[in-house]
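Plus 710 on top of the position in the sequence shown (first one is 1) and you've got the numbering used here.
Any given hint might turn out to be false.
Cross-link-like lysine to any residue pairs, in silico, SDA-like; alpha carbons within 20 angstroms at most [to be verified]:
#: 1; residue 1: Lys763; residue 2: Leu752
#: 2; residue 1: Lys780; residue 2: Asp745
#: 3; residue 1: Lys775; residue 2: Asn759
#: 4; residue 1: Lys763; residue 2: Asn738
#: 5; residue 1: Lys747; residue 2: Lys775
#: 6; residue 1: Lys763; residue 2: Phe731
#: 7; residue 1: Lys747; residue 2: Met768
#: 8; residue 1: Lys780; residue 2: Tyr765
#: 9; residue 1: Lys747; residue 2: Val764
#: 10; residue 1: Lys763; residue 2: Asn787
#: 11; residue 1: Lys775; residue 2: Leu752
#: 12; residue 1: Lys747; residue 2: Lys763
#: 13; residue 1: Lys747; residue 2: Asn759
#: 14; residue 1: Lys775; residue 2: Gly743
#: 15; residue 1: Lys763; residue 2: Thr734
#: 16; residue 1: Lys780; residue 2: Leu746
Simulated from the structure, these hints should not be mistaken for lab results.
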Amino acid sequence: KDEDLSRFGNQLTISFTPHIFRHTYATNLYYAGVDLKRAQYLLGHSSLNMTLKVYTHMDYATGNKITTEKINSFYHNRAV
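Work the whole structure out from these sequences, hints included.
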């Protein structure tokens with residue numbers, strides 16, 4: 711239940727609600743490279759703007775790591 715999860719968060723002195731899982735899911739879809747329109751559909755949003763600006767949160771350290779991996783993979787897998 712939502713109340714149980716919130717109460718658990720309060721015991722840990724953190725703000726914690728079930729809704730935070732939607733934000734985490736959206737962010738994980740983004741980092742996994744899921745097509746943005748597909749992520750919008752999976753989250754049930756009427757606009758892509760809602761998915762990107764409200765639900766997707768950028769962790770710059772993770773973003774930089776993923777970007778570096780993708781660039782390295784691109785050059786490594788390129789036919790010469």
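Results for each hint:
1. Restraint check for lysine 763 and leucine 752: the C-alpha separation of about 16 angstroms stays at or below 20 angstroms, so the hint holds.
2. Of the pairs offered as hints, the one joining lysine 780 and aspartate 745 holds, with about 15 angstroms between alpha carbons and a cut-off of 20 angstroms not exceeded.
3. Distance check on the hinted pair: lysine 775 and asparagine 759 sit about 25 angstroms apart at the alpha-carbon level, beyond 20 angstroms; violated.
4. Using a Cα cut-off of 20 angstroms, the hinted pair lysine 763 and asparagine 738 holds, with the two alpha carbons roughly 14 angstroms apart.
5. A C-alpha spacing of about 24 angstroms is found between lysine 747 and lysine 775, which places the hinted pair above 20 angstroms, so the restraint is violated.
6. Our distance criterion of 20 angstroms between C-alpha atoms is met by lysine 763 and phenylalanine 731, whose separation comes to about 16 angstroms.
7. Under the criterion of a C-alpha separation no larger than 20 angstroms, the hint pairing lysine 747 with methionine 768 is consistent with the structure, at around 18 angstroms.
8. Taking the CA atoms of lysine 780 and tyrosine 765, the gap is near 23 angstroms; set against the 20 angstroms cutoff, the hint is violated.
9. Between lysine 747 and valine 764 the alpha-carbon distance is near 15 angstroms, which keeps this suggested pair within the 20 angstroms criterion.
10. Among the hinted pairs, lysine 763 with asparagine 787 is inconsistent with the structure: their alpha-carbon atoms are about 32 angstroms apart, more than 20 angstroms.
11. Between the alpha carbons of lysine 775 and leucine 752 the distance comes to roughly 25 angstroms, so the proposed pair goes past 20 angstroms and is violated.
12. With a CA separation close to 14 angstroms, the supplied pair lysine 747 and lysine 763 stays within the 20 angstroms bound.
13. A hinted pair counts as satisfied when its Cα atoms are at most 20 angstroms apart, and lysine 747 with asparagine 759 qualifies at roughly 10 angstroms.
14. With a CA separation close to 13 angstroms, the supplied pair lysine 775 and glycine 743 stays within the 20 angstroms bound.
15. Straight-line distance between C-alpha atoms of lysine 763 and threonine 734 comes to about 13 angstroms, which keeps the hinted pair within the 20 angstroms bound.
16. As the CA atoms of lysine 780 and leucine 746 are separated by approximately 17 angstroms, the hinted pair is consistent with the 20 angstroms bound.
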